[in-house]
Structures are given as C-alpha cells and as structure tokens.
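Colleague: Chain order of the listed sequences is A and B. Note that the working numbering numbers the first sequence so that position 36 is 36, with each residue one more than the last. Note that the working numbering numbers the second sequence so that position 386 is 505, with each residue one more than the last.
Rather than coming from a laboratory, the hints here were simulated on the basis of the structure. As the structure is a prediction and not an experimental result, all values here were calculated from the model. It cannot be assumed that every hint is accurate.
Below, simulated PhoX-like cross-link-like pairs (lysine-lysine); rule was C-alpha separation at most 20 angstroms, straight line [claimed, not checked]:
#  : chain 1 : residue 1 : chain 2 : residue 2
1  : A       : Lys112    : A       : Lys101
2  : B       : Lys233    : A       : Lys100
3  : A       : Lys100    : B       : Lys159
4  : B       : Lys754    : B       : Lys770
5  : A       : Lys4      : B       : Lys227
6  : A       : Lys60     : A       : Lys4
7  : A       : Lys46     : B       : Lys754
8  : A       : Lys46     : B       : Lys233
9  : A       : Lys46     : B       : Lys735
10 : B       : Lys771    : B       : Lys663
11 : B       : Lys233    : A       : Lys4
12 : B       : Lys752    : A       : Lys46
13 : B       : Lys735    : B       : Lys362
14 : B       : Lys159    : B       : Lys214
15 : A       : Lys46     : B       : Lys771
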Amino acid sequence: MQQKKIILFLLITFIASSVWLFYVSDKILDPNVGKNWWSISFSDSKSENLDFVIENHSDKDNFQWVVLSGNDTIKESDVTIKKGEISSVNVNFEDSYRNKKITIQVTSGDEKKEIYKNL
Amino acid sequence: MLNFIYSQILFYISILVILFVPGYFLLLAVFGKYENQISKLERFIFSFGLSLIVVDFIAFAYSKLNVPITALSSILGVLFFAIICLAFRHWVSKKTPSVSVGIQEEDKLFSFSKNQFLLLLLLLFLTIFIKTAYLSGTVAPTATDMGHHTYWAKEMSTTHKLPVYEGMPDFIIGEHIALSEINMISGKSFFSAFPVIFLLLINLLSILTVFILTLRIFKNKNVAILSILFLGVLFAVSSPQAKFVSGGVIGNILGNLLMPMAFYFYFRATEFLNVGVQFIEPTNKPIGFDKSNPYILNDSQKFLSLGIFSTFGLFYTHHLTAFIFLFIFSLLIIIFLALNYKDLKNIFGKIFDLVFSVPVITTFAVGLIFFFFIFTPNYMQTSAVETAVGTPSKATREGLSMDNIKSSVGEVRLALGFLGLLILSLNYKRKNFGFTLISAWTVMLFIMSTKPELIFINLPSSRIGNYMSYPLAILSAYGLFSIFNPSLVDSKKIIPKKFLAGSFLIILIFVLTSGISDSVQAFKKAPDFTPVIETYDASNYLVKNTNEEDVILKDHNYITADSWIKLFFMQGYRYPQSRGYFKRYEDPTKPREMCTLYMISNPAGQDAQDCFFETKTNYILVNPKFDSSQFVKLKNFSKVYNNGDVAVYYKK
Chain A
1 MQQKKIILFL
11 LITFIASSVW
21 LFYVSDKILD
31 PNVGKNWWSI
41 SFSDSKSENL
51 DFVIENHSDK
61 DNFQWVVLSG
71 NDTIKESDVT
81 IKKGEISSVN
91 VNFEDSYRNK
101 KITIQVTSGD
111 EKKEIYKNL
Chain B
120 MLNFIYSQIL
130 FYISILVILF
140 VPGYFLLLAV
150 FGKYENQISK
160 LERFIFSFGL
170 SLIVVDFIAF
180 AYSKLNVPIT
190 ALSSILGVLF
200 FAIICLAFRH
210 WVSKKTPSVS
220 VGIQEEDKLF
230 SFSKNQFLLL
240 LLLLFLTIFI
250 KTAYLSGTVA
260 PTATDMGHHT
270 YWAKEMSTTH
280 KLPVYEGMPD
290 FIIGEHIALS
300 EINMISGKSF
310 FSAFPVIFLL
320 LINLLSILTV
330 FILTLRIFKN
340 KNVAILSILF
350 LGVLFAVSSP
360 QAKFVSGGVI
370 GNILGNLLMP
380 MAFYFYFRAT
390 EFLNVGVQFI
400 EPTNKPIGFD
410 KSNPYILNDS
420 QKFLSLGIFS
430 TFGLFYTHHL
440 TAFIFLFIFS
450 LLIIIFLALN
460 YKDLKNIFGK
470 IFDLVFSVPV
480 ITTFAVGLIF
490 FFFIFTPNYM
500 QTSAVETAVG
510 TPSKATREGL
520 SMDNIKSSVG
530 EVRLALGFLG
540 LLILSLNYKR
550 KNFGFTLISA
560 WTVMLFIMST
570 KPELIFINLP
580 SSRIGNYMSY
590 PLAILSAYGL
600 FSIFNPSLVD
610 SKKIIPKKFL
620 AGSFLIILIF
630 VLTSGISDSV
640 QAFKKAPDFT
650 PVIETYDASN
660 YLVKNTNEED
670 VILKDHNYIT
680 ADSWIKLFFM
690 QGYRYPQSRG
700 YFKRYEDPTK
710 PREMCTLYMI
720 SNPAGQDAQD
730 CFFETKTNYI
740 LVNPKFDSSQ
750 FVKLKNFSKV
760 YNNGDVAVYY
770 KK
C-alpha cells in the first residue's frame with residue numbers, strides 16, 4: 001500500500017511540475033508577454049521593392065518612420081501600432097533611387113532602428 | 120484553455136505509451152504479475168528505463184525492414200511488443216506455475232515506518248520542487264546542446280527514418296528515438312517545455328533508481344532515504360542534475376539512468392552468491408535469503424538478462440557512459456574475484472550456471488545480432504573509440520585536482536562520500552557484490568577523472584568527474600548513517616549520547632547549508648527572454664524570404680539560442696553555417712575552416728570575398744550591437760531585417 005502511495009505521489013508531483021513548466025514556457029514563447037521589442041524588415045529582401053513592415057511587441061504604440069535616399073528625406077509619417085500588431089508601409093520605387101542607398105529609419109520613444117537597401 | 124488541456128492529455132498518453140508500457144510488459148513477461156522478486160515500486164521505476172531501450176530496438180527493426188517510423192507505427196510497435204510479452208507470459212505460466220518468491224523479504228524491505236515514509240515523501244517533494252523552480256527560469260528552448268539534439272529528433276519526426284548524423288560520432292541514436300516518438304504522438308512542438316520535461320522525468324527516475332539500488336545493496340531504508348537527500352535534494356541544480364536537464368545534455372542524463380539500472384540488475388543477478396549472508400537493520404532484525412529456495416538461480420538468470428539488455432541500451436544511448444561503465448565493470452570483477460580468491464572454484468561454478476542459461480544466452484545473442492547486423496551505432500564506424508583511448512592530448516584531459524572534484528560534486532558529498540567508503544571497507548563483506556559495486560564505481564571514476572594517464576584515458580576529465588556525484592551520494596548516505604547509527608553506537612557505548620546528538624546537529628547543518636546553497640539559483644529572477652524570441656522572429660523572416668538556393672551564415676558568439684535556428688530550416692545539421700567561438704579558430708590542435716569567421720568579421724577582405732564565392736553565402740545573421748559597422752559601407756550588402764538584437768544582411 002505504501003508503494004502505491006509513493007507511486008501516486010510521484011505521478012501527482014511530476015504532472016503538477018510538468019503542467020507548470022508547460023504553462024511557463026508558453027508564456028516565455030509568447031512574443032507579447034513580459035517582453036518589450038519591435039522589429040522592422042523589408043517585405044521582400046531580394047528585389048528592389050522598398051515596402052517594409054513594422055512589427056510591434058513593445059508597450060509603445062507610436063512609431064515615426066522616415067525613408068531616406070542618402071541624407072535626403074523621401075517620405076515620412078507617423079503610425080500607431082498596438083502591441084502584437086503589424087503595420088505594412090508601401091514605398092514606391094522610382095528610377096532616381098537606382099544605385100543609391102535607401103534607408104528606412106523607424107523611431108519609437110528614444111529607440112531608433114534602421115534597415116537599408118543598396119539598390 | 121481546452122487546447123492546453125487536450126495537448127496535456129495527449130502528452131501524458133504519449134509518455135505512457137513510449138516510456139512506460141514497453142518496459143512494464145517486458146517485466147511482466149519476465150516476472151509475471153504475482154511474482155515478488157521485484158516490488159511494485161521497482162516495476163514502476165524500471166518500466167521507464169527499460170521502455171527507453173525497447174522502443175530503440177523496435178525502431179531499429181523498423182529501420183532494417185524499411186518501415187517508416189511514424190506516430191502510428193510507433194504505437195503499433197509498442198502494442199505488438201506488449202502482445203508478444205503477454206503471450207510469452209501466458210506460455211510460461213502454463214509451463215511452470217508462477218511462484219511468489221521472498222514475499223516476506225520484499226514486504227520488509229519496502230515497508231517504511233511512518234516517519235521514514237513521511238521523510239521519503241518530503242525529500243521526493245523537495246527534489247521535484249527545487250528542480251521545477253530552477254527549470255521555470257530556464258525552460259525556454261535556448262540551450263545549445265538541446266538545440267543540437269532536438270534537431271536530430273525533429274529530423275526523425277519529419278523524415279520518419281533514423282537519422283544518420285552526417286557521420287558525426289558525438290550523436291547517438293538512443294538519445295533521440297523516444298524524444299522523436301513522443302513528439303510524433305503528442306504533437307508537442309520541440310519549441311516548448313516538452314524536451315526539458317522529458318529530461319526532468321529521466322533525471323528523477325535516475326535518482327529513484329539510485330534509491331532502489333541503495334535499498335537493495337544495504338538493505339537499510341534509512342540509508343536509501345538519505346541517498347535521495349544527497350542526490351536529489353542537495354545539489355539539485357548543479358551538474359549533472361537540473362543544469363544538465365535544462366542544458367539538454369541528453370546523453371549524460373540518459374546514461375545516469377541506464378548505468379545505475381544496469382548495475383541494479385547485475386547486483387540482483389549476483390544475489391545468489393550471497394546466500395546465507397545477513398544484514399543488520401537498526402532494529403537488529405536479520406534480513407537474508409532463504410538457502411533452500413530453488414528459484415534464486417532462475418531469478419538471477421532473469422536479472423542478468425535484464426542487466427545485459429540494459430547494457431546494450433546504454434551502448435545504444437551514450438558512448439561516454441558506456442565507456443565508463445566498461446571500466447567500472449572491469450574493476451568490479453577484478454576486485455570481487457580478488458577478494459574471493461579462496462572461493463573462486465565455487466563462484467565460477469555458480470557463474471557458469473548463471474551465464475550459460477537460455478535467457479542469458481538468448482538476450483546476449485539478440486543484443487549482438489542487433490548491434491552488428493540490424494543497427495550499429497555510428498560511433499562504432501568512426502574513430503570515436505580510438506580517440507577516447509591514449510595519452511591525454513589536452514590540459515582539460517589531464518585530470519582534475521581535488522579542488523576541481525570538490526566543486527564538481529560538492530564539498531559535503533566528497534567528505535562524507537569518502538568517509539562512507541572508509542566505513543564500507545571496514546565493514547566489507549567480501550561476498551557482497553553490492554559493496555564491491557559501490558566501491559568500484561567510486562574508485563574507478565576517481566581514477567578516470569583525476570589520473571586518467573594511469574589507465575590511458577583521453578577524455579575531458581570534468582565530464583567524467585560529473586558522474587562521481589552518483590556513487591558519492593550513496594556513500595555519503597551510508598557514511599552519515601553509519602556514524603550516527605543508534606543501534607551500533609548505543610550498544611557499544613563508545614560515544615556519549617549528548618556528544619553524539621550535538622555532533623549530528625553540527626554535521627546536519629553543514630550538510631544542509633552546503634548542499635542547499637546550490638539551490639539558491641533556483642529561486643533567482645528569471646532572465647529576460649526577449650533575445651530568444653527575437654532570434655526566432657529573425658529565423659521566421661528568413662524562412663519566408665529564402666529558398667533552397669540561398670545560403671545563410673549566422674553568428675554563435677552574440678546571438679542567443681542560435682543553435683535552434685537550424686530547426687526552422689531543417690536543411691541539414693550544419694545549415695545555416697555558423698561562426699563559432701573565436702578561440703576555436705585559434706586552436707592549433709584543431710585546424711578548421713576559416714570562411715565562417717572571415718565572412719562576418721571582415722566581409723570586405725579578399726579572404727572573405729573568396730569565401731563568399733566558394734560558399735555562395737548571401738544572407739548573414741548577426742547581432743547588430745557587435746557586428747554591423749563592417750557591413751555599413753559595403754555597397755553589395757543590404758540590411759533587410761532588424762530587431763535590435765538580431766539583424767539580417769543580404770548580399771547581392
């Protein structure tokens with residue numbers, strides 16, 4: 001009888017432990033829970049397409065973006081993106097961009113990130 | 120919520136099918152349901168360890184027969200095996216009616232007093248609680264080794280074939296079969312807690328196996344319970360315990376279950392050599408074997424068969440543990456025969472009856488057929504064995520100092536362990552195979568880890584040193600119990616009772632503070648997992664933006680959880696390419712390719728240009744905080760993704 005009790009005790013504690021660990025890992029792997037980050041990326045990494053995406057997993061929701069050709073501003077705007085959401089921005093390609101470095105700068109609060117394409 | 124519950128149920132069913140049912144039915148076939156050679160607790164614990172080996176053998180058979188290894192075929196294989204075991208048991212029962220052997224002894228050995236029972240449950244609870252607390256902060260799929268191992272398990276799950284490891288001897292098939300089959304049946308992603316929980320279960324079972332082994336060898340419940348304190352509760356976090364679990368050191372974790380399990384079966388097989396030997400419990404009640412029992416040899420043959428089966432399982436699972444096992448076993452045999460040299464004729468006669476029997480020869484033959492004709496471990500086909508033997512080739516292989524050993528196994532376990540060994544040698548019962556086993560286990564590991572040149576071992580000494588915690592935990596338990604054994608001390612009146620109580624209290628405080636301080640790590644605040652998620656996000660971006668013609672290079676130095684990136688692509692173990700630790704490019708004993716270093720560190724250099732041409736690398740994944748300035752001015756590179764901790768560069 002004691003042995004059965006030990007086995008039962010082991011099963012219960014192991015299951016309780018594993019359920020807890022699954023719960024914790026689900027939270028860890030959720031990009032929006034307890035984390036504060038955002039990313040920018042080109043929609044198409046290879047082509048001359050300059051459309052880009054801002055993906056927000058931070059507590060901030062105001063983003064300012066600017067498209068630069070060298071040091072010249074081509075286009076800029078503000079966008080509101082809630083936590084867990086993605087915003088796509090279209091940037092039309094023009095012939096004058098050819099052989100230039102087109103930079104996308106995105107600022108949110110005091111954090112600034114950039115991506116660029118050498119066309 | 121419903122999804123969570125459903126996936127949980129499926130996970131436990133898969134654990135039951137893969138890790139319990141095969142071993143349970145194997146034990147049923149061997150011992151029958153009503154035979155008492157092994158207790159219920161032993162049946163429960165060893166069902167898991169034996170299942171790990173049975174599912175390996177089923178997978179090997181499938182591989183030889185070109186049967187795809189899927190969730191369904193895995194379940195059917197287990198069911199088929201269970202039916203064969205039942206049929207075998209039915210046939211044996213008809214031939215020879217089952218006999219309840221040693222019921223009284225089993226009842227005595229496994230019936231605990233109320234205090235012992237409560238202490239046992241408390242220690243088991245603390246063991247699981249401390250480990251769970253530590254793993255709560257480390258359960259995320261980030262560890263490098265875990266990433267490497269889960270890649271192979273995932274490859275098996277996706278190709279439905281046994282992995283061939285691209286010729287690498289460091290990965291062994293037994294490390295991945297159960298993991299893959301649980302993944303296929305439960306559907307649980309490798310990017311979850313499931314690999315860590317799998318290893319936690321194996322780790323807990325290894326502690327329980329040591330508990331059972333200690334109980335059987337010393338026939339003393341207090342010593343056995345104390346072994347859980349020294350192995351499970353104290354130093355519950357440090358290597359090779361919870362840190363190895365979260366780190367994905369699969370081979371060691373499995374080896375630390377299979378080796379004590381094999382030792383257990385070998386010990387039980389030799390019990391018939393001990394006929395007539397009695398052991399004294401604190402109550403002074405003798406516990407021994409019935410000389411007139413005709414079934415002891417028969418049982419020993421069964422235990423030896425299971426020991427051989429476990430040994431084959433060990434060789435299919437972890438070469439380092441198997442290698443260590445061979446050395447320990449050799450020393451064990453030498454010491455045992457040397458101590459019993461006057462009785463060699465009798466012992467060899469008994470061993471002859473034991474070995475040359477149908478179950479033992481059959482198990483050995485089946486194991487050999489599988490090993491050499493059905494599925495041979497990849498390390499047997501490479502130079503892995505040769506590189507493990509010889510003069511130590513590096514400073515890390517020249518042996519540990521006593522300070523190293525102390526920090527590896529813990530000061531208290533080292534001190535009490537060697538005290539236990541001393542007391543054991545004073546109380547030596549030369550015919551007790553268990554005493555010799557514990558001594559050989561400790562002494563051989565000590566020699567292998569401190570003076571490897573004496574036995575021509577060329578392996579990392581710290582890795583061997585980690586194994587010492589297992590026998591030292593047993594000896595610590597024995598040592599602590601022996602010093603304060605009231606029945607011995609009181610009867611001889613050697614030491615005054617008050618002095619004894621005070622000393623016990625001081626030693627107990629030393630033991631607990633020293634051993635539990637290690638567990639403080641378990642309750643530290645969990646780290647920020649943002650960089651891990653950022654690595655996964657960058658990997659997902661690359662999966663969407665690349666095809667099979669693209670070639671990716673990533674950095675191992677500054678990107679968190681980078682070894683998991685390959686699981687997003689599943690295009691080979693070495694894909695994406697990786698810039699390894701800088702020191703590895705400078706190691707004169709191991710010249711290696713330099714392209715992975717050049718292409719990230721100096722992409723504008725001529726060497727890097729040659730490498731880009733040669734390898735066709737066109738995507739680079741780095742941490743922009745450390746590696747971005749070298750790309751900024753290059754006109755053929757575009758920065759196409761950035762999350763602050765990981766950036767992706769595309770080369771035109």
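Colleague: Are the hints correct? Go through all of them and say.
Modeller: Results for each hint:
| no. | hint | verdict |
| --- | --- | --- |
| 1 | A/Lys112 / A/Lys101 | holds, 18 angstroms |
| 2 | B/Lys233 / A/Lys100 | violated, 82 angstroms |
| 3 | A/Lys100 / B/Lys159 | violated, 76 angstroms |
| 4 | B/Lys754 / B/Lys770 | holds, 9 angstroms |
| 5 | A/Lys4 / B/Lys227 | holds, 15 angstroms |
| 6 | A/Lys60 / A/Lys4 | violated, 54 angstroms |
| 7 | A/Lys46 / B/Lys754 | holds, 14 angstroms |
| 8 | A/Lys46 / B/Lys233 | violated, 72 angstroms |
| 9 | A/Lys46 / B/Lys735 | holds, 15 angstroms |
| 10 | B/Lys771 / B/Lys663 | holds, 18 angstroms |
| 11 | B/Lys233 / A/Lys4 | holds, 15 angstroms |
| 12 | B/Lys752 / A/Lys46 | holds, 19 angstroms |
| 13 | B/Lys735 / B/Lys362 | violated, 39 angstroms |
| 14 | B/Lys159 / B/Lys214 | violated, 25 angstroms |
| 15 | A/Lys46 / B/Lys771 | holds, 8 angstroms |
Checked against the numbered hints above, the structure violates hints 2, 3, 6, 8, 13 and 14; every other hint is satisfied.
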